[in-house]
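> Residue numbers (our numbering), protein chains in the order written: chain A, 70 to 372; chain B, 70 to 372; chain C, 70 to 372; chain D, 70 to 372; chain E, 70 to 372; chain F, 70 to 372.
A few of these clues could be false.
It does not matter which identical chain is meant; a pair holds if it fits inside one copy or across any two.
To be verified - Within a straight-line C-alpha distance of at most 25 Å, the following computed BS3-like cross-link-like pairs (lysine-lysine) qualify: (1) Lys-98 to Lys-254; (2) Lys-98 to Lys-152; (3) Lys-364 to Lys-218; (4) Lys-152 to Lys-364; (5) Lys-180 to Lys-278; (6) Lys-254 to Lys-183; (7) Lys-98 to Lys-357.
Everything labelled a hint here was simulated from the structure, so no lab data went into it.
Protein chains: 6
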Amino acid sequence: MVTAFADNEIGYLLEDFILQGGVDTRFIKWKPYDGIGRSVRNGLNFTERGYGVRGAVGVSDRANTAAAQLKPGDVDWDGIFGKCGARWLHTGGIFAALSETTAQVVLEACKAAKKHGTMISYDLNYRPSLWKDIGGKERAQEINKEIAKYVDVMIGNEEDFTACLGFEIEGNKENLSELNIDGYKRMVEAVSATYPNFKVIASTLRTVKTATVNDWSAICWAEGQVYQGMALDGLEILDRVGGGDSFASGLIFGLLSGKDYQTALNYGVCHGALAMTTAGDTSMALQKEVESLMKGAGARVQR
Amino acid sequence: MVTAFADNEIGYLLEDFILQGGVDTRFIKWKPYDGIGRSVRNGLNFTERGYGVRGAVGVSDRANTAAAQLKPGDVDWDGIFGKCGARWLHTGGIFAALSETTAQVVLEACKAAKKHGTMISYDLNYRPSLWKDIGGKERAQEINKEIAKYVDVMIGNEEDFTACLGFEIEGNKENLSELNIDGYKRMVEAVSATYPNFKVIASTLRTVKTATVNDWSAICWAEGQVYQGMALDGLEILDRVGGGDSFASGLIFGLLSGKDYQTALNYGVCHGALAMTTAGDTSMALQKEVESLMKGAGARVQR
Amino acid sequence: MVTAFADNEIGYLLEDFILQGGVDTRFIKWKPYDGIGRSVRNGLNFTERGYGVRGAVGVSDRANTAAAQLKPGDVDWDGIFGKCGARWLHTGGIFAALSETTAQVVLEACKAAKKHGTMISYDLNYRPSLWKDIGGKERAQEINKEIAKYVDVMIGNEEDFTACLGFEIEGNKENLSELNIDGYKRMVEAVSATYPNFKVIASTLRTVKTATVNDWSAICWAEGQVYQGMALDGLEILDRVGGGDSFASGLIFGLLSGKDYQTALNYGVCHGALAMTTAGDTSMALQKEVESLMKGAGARVQR
Amino acid sequence: MVTAFADNEIGYLLEDFILQGGVDTRFIKWKPYDGIGRSVRNGLNFTERGYGVRGAVGVSDRANTAAAQLKPGDVDWDGIFGKCGARWLHTGGIFAALSETTAQVVLEACKAAKKHGTMISYDLNYRPSLWKDIGGKERAQEINKEIAKYVDVMIGNEEDFTACLGFEIEGNKENLSELNIDGYKRMVEAVSATYPNFKVIASTLRTVKTATVNDWSAICWAEGQVYQGMALDGLEILDRVGGGDSFASGLIFGLLSGKDYQTALNYGVCHGALAMTTAGDTSMALQKEVESLMKGAGARVQR
Amino acid sequence: MVTAFADNEIGYLLEDFILQGGVDTRFIKWKPYDGIGRSVRNGLNFTERGYGVRGAVGVSDRANTAAAQLKPGDVDWDGIFGKCGARWLHTGGIFAALSETTAQVVLEACKAAKKHGTMISYDLNYRPSLWKDIGGKERAQEINKEIAKYVDVMIGNEEDFTACLGFEIEGNKENLSELNIDGYKRMVEAVSATYPNFKVIASTLRTVKTATVNDWSAICWAEGQVYQGMALDGLEILDRVGGGDSFASGLIFGLLSGKDYQTALNYGVCHGALAMTTAGDTSMALQKEVESLMKGAGARVQR
Amino acid sequence: MVTAFADNEIGYLLEDFILQGGVDTRFIKWKPYDGIGRSVRNGLNFTERGYGVRGAVGVSDRANTAAAQLKPGDVDWDGIFGKCGARWLHTGGIFAALSETTAQVVLEACKAAKKHGTMISYDLNYRPSLWKDIGGKERAQEINKEIAKYVDVMIGNEEDFTACLGFEIEGNKENLSELNIDGYKRMVEAVSATYPNFKVIASTLRTVKTATVNDWSAICWAEGQVYQGMALDGLEILDRVGGGDSFASGLIFGLLSGKDYQTALNYGVCHGALAMTTAGDTSMALQKEVESLMKGAGARVQR
């Protein structure tokens with residue numbers, strides 16, 4: 070993981086969680102804490118889980134974070150993709166929107182990855198609130214369009230493609246609850262015509278029935294073909310935070326492991342689903358649990 | 070809030086919860102605690118939440134409470150409705166049934182409110198166990214009929230109107246699961262003929278599928294017309310305690326804010342629904358959250 | 070309860086839980102704890118509750134337990150069924166599979182019970198992992214067939230009857246989700262022909278939709294007739310562990326209380342269902358709560 | 070245990086705690102719960118643990134309890150001390166002060182115990198708040214003097230002997246922090262002259278340094294001799310509630326087990342001390358743990 | 070309370086805690102939350118309680134807070150001290166150091182208070198980390214010296230007087246563990262000569278033995294005389310955070326209630342001590358509990 | 070860390086805790102879990118924290134663990150000390166006593182370490198219960214004497230040196246509460262004469278006053294000289310488990326970092342002390358917190 074933390078107990082706690090996942094922490098940049106958090110702090114995200122008709126509520130508390138202060142030159146990307154041999158770069162539109170400099174850091178990373186032949190995935194993840202004070206949708210498009218030129222696996226829903234990359238798709242209902250396969254195909258064809266570097270374009274499909282029950286699936290396009298992921302209708306949700314990120318990591322795992330596109334997509338769908346059955350935004354599912362769900366194993370007790 | 074508490078740590082805890090809600094505690098009457106609870110105590114209500122086929126269980130522990138000992142003359146109602154300018158009096162059949170004197174306190178309050186032109190709402194809330202030792206259903210009717218003469222907004226289900234006010238309605242199934250609008254209309258017409266002072270008559274409609282899933286709605290009559298509230302079918306329930314009271318407060322909020330009857334009724338339905346998605350009997354929902362549900366916003370995460 | 074514990078704090082905790090249920094602990098055999106658990110220990114069972122598509126996970130930690138070390142001669146069965154007048158012996162295939170000696174203890178207990186005319190029930194509960202190292206399915210059949218000769222009330226699903234007693238049933242789908250009554254009848258007729266001592270043969274019927282929602286019912290055969298238990302479709306599950314044992318105890322309660330077979334079966338279904346709405350593997354339901362569910366009382370709040 | 074509970078979930082919880090201790094619950098009298106707690110309820114006692122200079126705070130909530138409603142004739146004392154063979158009756162001044170009838174129940178029990186030769190212990194435990202509304206100190210003396218005629222083992226501190234039995238002791242500091250052995254001897258000699266039936270007179274000695282640190286010991290007189298218990302100076306207190314009751318049960322255990330007076334007294338001191346190192350008012354200490362403290366084993370880890 | 074919060078769930082939680090204390094929330098300024106916390110956020114303070122040799126650890130997370138953005142003109146001080154009749158202004162060096170503008174807000178408030186004859190207290194509370202980026206100790210002195218001209222009750226320890234106001238005191242040990250009364254007197258005489266407006270100068274005296282045990286007292290000078298507060302040696306500390314603020318509020322309560330200086334000082338000492346026996350930085354002690362400690366009541370259980 | 074775990078959820082949890090500490094998990098050997106724990110399981114250790122006169126209680130549950138089944142040949146020690154370059158081997162008498170084969174594994178590891186010039190430390194940690202069934206004290210000596218020939222840093226108290234290595238020391242009190250420096254010197258001189266390979270001999274010194282207060286220090290001998298560690302008298306203990314292991318890791322850290330013996334010893338004393346102020350047996354102290362305690366920084370709040 071490449072990021073930056075303020076050098077205080079909150080940062081140590083974050084490091085602890087990262088270590089717990091078996092993730093390498095060597096590339097975390099520690100910035101000196103000033104004793105008050107005025108010059109640099111660690112980002113926080115508060116979530117109140119939803120239940121039934123009461124939706125989840127989130128408060129994002131990301132002013133002045135060490136991560137937002139990252140700037141070109143801070144990270145030894147060549148070392149990471151070269152000597153260390155990192156096989157994949159995943160980042161997205163939230164990090165790019167943290168500050169003027171983080172967008173530049175994303176570009177710098179993408180260029181270095183490209184140079185070393187490292188695969189790049191990017192989750193558009195458009196959040197209007199993030200762009201509001203730093204140029205709005207116009208600036209979001211400018212940056213995302215530049216980044217998109219380097220991306221191999223582009224993740225986003227239709228709203229993301231519209232807001233971040235300027236594509237308009239007609240004929241689909243707003244929340245994709247009834248997917249218009251033809252419309253989707255037309256959109257990805259337009260997208261891939263503009264960005265011939267995209268090898269995979271993937272979107273999660275979520276229909277919120279209540280905070281506790283969602284229909285959940287995903288769709289992807291790869292090498293001219295559209296794949297529909299497993300449809301987990303009526304999925305029971307404990308904590309929806311992390312569903313999208315766990316979809317991305319499941320998909321990337323599948324692709325990195327050399328699975329076919331359909332299988333990789335289902336890793337994404339099932340990993341995302343399992344992440345939403347546990348508290349917190351990370352997935353604690355084992356690979357075998359994801360695969361068991363992919364085989365439709367239902368939810369019998371294992372003993 | 071007008072009530073009485075024993076002057077001990079349980080009472081201070083109750084005061085703390087009331088303050089937390091931004092409610093005025095000046096009119097709480099503190100009665101000296103005797104060190105054992107023999108002469109006066111604070112009421113307790115124990116609830117075990119239900120789940121699926123296991124219904125919620127409640128133990129009401131209300132012997133000898135300071136509130137039950139309230140008697141006419143204890144409260145300066147003229148000050149409250151006059152100088153302090155309280156705009157609404159809400160009380161109900163549970164308080165009226167606590168003791169012989171609390172029924173008198175309700176009447177005293179209603180008369181004072183009427184004198185000052187303050188609106189009065191009353192939730193019939195018939196509980197046979199409360200009336201058992203103090204005169205039974207007969208006494209319940211005697212008192213409620215007297216109180217009803219002062220009420221502007223009367224809340225109750227059909228069983229309440231029958232048990233407390235002596236009206237019989239035919240043609241409806243017991244639990245109102247399939248509402249007979251015509252029967253309801255006939256009942257409220259009979260009721261409003263007897264009590265021409267009623268401006269609004271409102272009932273919650275709940276069909277218990279399991280402890281975890283209820284159909285929830287409400288209906289009201291106002292100025293000769295019947296309004297049906299939003300129907301929240303398949304509502305997921307975390308803790309059903311407080312649904313009825315939160316319906317009442319939502320409805321009153323709507324009426325006090327000058328909304329039309331349909332809107333006020335929906336405030337009641339949605340506020341009651343949200344109260345049942347959180348633990349405890351009070352609602353922690355923000356006004357904007359209630360209004361978002363009224364617009365059918367579902368349960369998407371807010372960020 | 071007849072079992073054995075290592076004489077340490079874990080054992081005292083177990084005793085505490087047993088006492089809490091009002092169960093007699095005189096017949097627990099305490100084996101000296103060696104300070105490390107090498108010679109004897111207490112069994113543990115870890116469960117992670119499931120949720121939606123995430124199934125429950127269990128880790129059984131039963132090496133070297135005091136219970137597994139029980140051997141013929143350790144228990145005064147004659148005293149228990151004679152002087153103490155125990156009215157019923159319930160045991161099952163998990164205890165029998167703990168070790169070579171526990172199977173002998175089951176047989177010893179059954180013979181003593183038979184001698185005193187005590188009723189015997191046995192839950193086949195086939196778990197391949199238990200038999201793996203001590204003779205496999207072959208040995209399981211050898212032992213269970215011997216035990217079966219003494220049993221009055223035999224509990225098991227079709228897989229159990231096949232694996233433990235060697236019966237094959239055709240025409241039913243694997244998980245019994247669509248019960249084939251005729252096939253079931255044919256199976257129990259074959260079973261009762263072989264074991265004319267069986268007075269009752271009972272099976273729970275569970276269709277796992279997700280970890281949170283199961284269809285739950287049971288079926289039994291008694292005196293030549295098949296009884297179908299109440300069908301609790303769409304049962305909301307908090308913690309499925311203990312459903313089967315609580316079915317057994319409900320059924321036994323009904324039979325011991327002299328209820329008819331249909332009623333006894335419904336005690337089993339409803340007690341098992343309630344056990345799955347609470348945490349932990351024991352039932353905390355009151356008899357009146359079970360009976361209320363048997364009357365279809367739904368899940369209204371009791372007050 | 071002989072007492073009475075209201076037949077509701079609070080009562081079932083109490084029964085559960087009693088069973089957990091391995092105590093016989095046959096003699097608990099269950100009174101019908103009226104659904105509101107007006108006619109009968111279960112007593113509650115709220116405690117906020119102290120810490121350092123912040124003393125513990127207790128709220129006693131005992132209005133209208135089933136126990137307070139016990140009256141002569143409710144309990145089959147002859148059966149308890151006769152056929153059931155109870156070997157000891159322990160009760161005290163708190164139960165006696167619950168109501169006019171509980172004092173009569175104590176006398177009734179004492180007379181029955183005497184008839185069967187059962188030992189009787191009584192903890193004076195004077196609490197002014199309990200007697201305030203039912204006759205005050207005068208009535209307390211009248212009742213306690215009558216009860217004292219039957220007692221074998223009388224427990225109380227000097228304030229208790231003064232308030233309940235009318236003895237005045239001079240020369241001791243109020244809180245006994247510096248024990249005046251001679252004064253104590255003079256008092257117990259006067260007491261035993263008046264009540265020649267007393268076989269043992271025992272008092273706990275507590276000097277409160279802070280809520281977290283007390284000096285703790287006890288003293289007793291038996292057959293003309295005074296015994297000083299182990300002095301646990303600087304005892305670290307987690308929750309002081311239950312220290313006195315656990316002293317009494319330790320002392321009674323010692324006497325029932327036929328230990329000499331010095332040893333029995335130390336059982337009381339050490340059991341009381343251990344009860345104050347755990348949360349709640351009951352002792353969860355094992356006999357061997359009490360005995361280990363009696364041998365001065367300190368607090369090394371056992372493994 | 071006069072402050073500013075970002076209009077999000079963290080802010081609502083803070084409001085909730087303030088309401089709970091019965092404090093008026095009308096003067097809280099709500100600033101619009103931007104959905105990410107970039108433009109404005111609510112301050113957080115993380116504390117890990119200490120234990121024995123492990124000291125408490127705090128992380129102050131105060132970048133970009135709504136409070137730090139308060140500027141002259143934001144608050145209607147004339148209304149607060151005039152029409153609303155606030156009787157006392159308390160603020161201190163932490164708020165003054167949050168930003169360039171908060172120092173100006175303090176001065177604005179002091180001038181308005183002075184105009185209306187409102188008493189002013191100020192806790193110097195020097196924290197080098199707060200001043201580091203906004204001018205350091207030099208700027209701290211410049212601002213504090215200006216503010217000091219308006220203050221009636223100045224609170225601070227010797228380090229504060231040196232760092233904030235430029236006074237040097239000789240002859241005292243650094244941590245005041247052995248108070249040099251003469252040196253203290255010389256210092257306050259020098260201070261009061263420079264600031265003749267000071268009516269009271271007060272300092273807490275804390276000797277940290279371990280995180281769990283402190284010696285705690287305070288000293289004050291008023292009208293030419295030095296008062297020594299109660300010395301709570303060996304005070305057991307649960308959570309030291311809030312000791313200083315609770316000292317200030319106790320002292321102010323005493324002065325506002327018209328107590329003499331010695332008594333007011335002891336309110337401060339005892340209120341601060343009790344705050345340190347509970348979790349969190351606010352005091353939950355009742356007035357009667359503070360007064361009981363002032364009378365040296367120790368820590369007996371109250372019942 | 071080199072050990073073995075059963076491949077189940079308990080093992081994954083252990084791995085999680087190890088990762089959290091930033092420790093390399095590559096050398097953990099995963100043994101297949103059989104679904105019941107009969108062939109292999111993970112070790113558990115239950116602890117009830119002590120308080121005051123109530124000592125901590127531990128239940129060790131180590132039958133049949135994967136670690137106990139480790140045998141020579143299972144671990145690639147040459148790879149670990151060679152290619153991987155591990156700089157230090159630390160193990161001890163508990164692992165050596167788990168089974169007949171673990172003693173052999175220790176010897177195998179020591180020989181490999183010696184070959185590669187890796188430093189070896191060993192904590193004698195004599196527990197009679199561990200050796201009881203596998204040869205007793207005689208076997209313990211036989212094995213430990215063989216292991217000792219390879220050790221550079223030997224840790225143990227006098228009882229350990231006597232029981233494990235057969236040395237008798239005269240003139241010291243049993244629990245070392247009053248350390249006899251001369252006696253200690255004579256012992257270590259005898260020890261180092263027998264084992265000239267010992268570079269450092271270290272012992273913790275603990276005097277248990279109560280479970281909550283211990284005197285804590287350590288002593289070591291190195292290159293002919295005796296060093297006394299900081300004496301933390303009256304150390305407040307939250308959870309004593311892990312004090313000894315954290316002493317060892319602190320000492321090793323000091324020696325590995327090239328500190329002088331006195332400093333390394335104090336790292337051990339202070340790290341062990343801090344581990345006993347937190348729950349659980351591992352230390353969560355930062356290096357700077359250990360060093361701050363070494364400088365006698367007391368327990369002031371850091372902010």
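> All hints, please: hold or fail.
Hints, verified against the model:
When the C-alpha separation of Lys-98 and Lys-254 is checked against a cutoff of 25 Å, the pair qualifies neither within a copy, at 42 Å, nor between copies, at 49 Å. Only within a single protomer do Lys-98 and Lys-152 lie at most 25 Å apart by alpha-carbon distance; the minimum there is 19 Å, versus 29 Å between protomers. Taking the shortest Cα distances, Lys-364 and Lys-218 never come within 25 Å of each other, neither inside one copy (36 Å) nor across copies (41 Å). For the identical chains of this complex, Lys-152 and Lys-364 are neighbours neither inside a copy (38 Å) nor across copies (42 Å), given an alpha-carbon limit of 25 Å.
In the homo-oligomer, the alpha carbons of Lys-180 and Lys-278 never lie at most 25 Å apart, since the shortest distance is 41 Å inside one protomer and 48 Å across protomers. With identical chains, the CA atoms of Lys-254 and Lys-183 are never at most 25 Å apart, being 27 Å at best within one copy and 66 Å at best between copies. For the homomeric pair Lys-98 and Lys-357, the shortest alpha-carbon distance between copies (19 Å) is at most 25 Å, but the shortest distance inside one copy (34 Å) is not.
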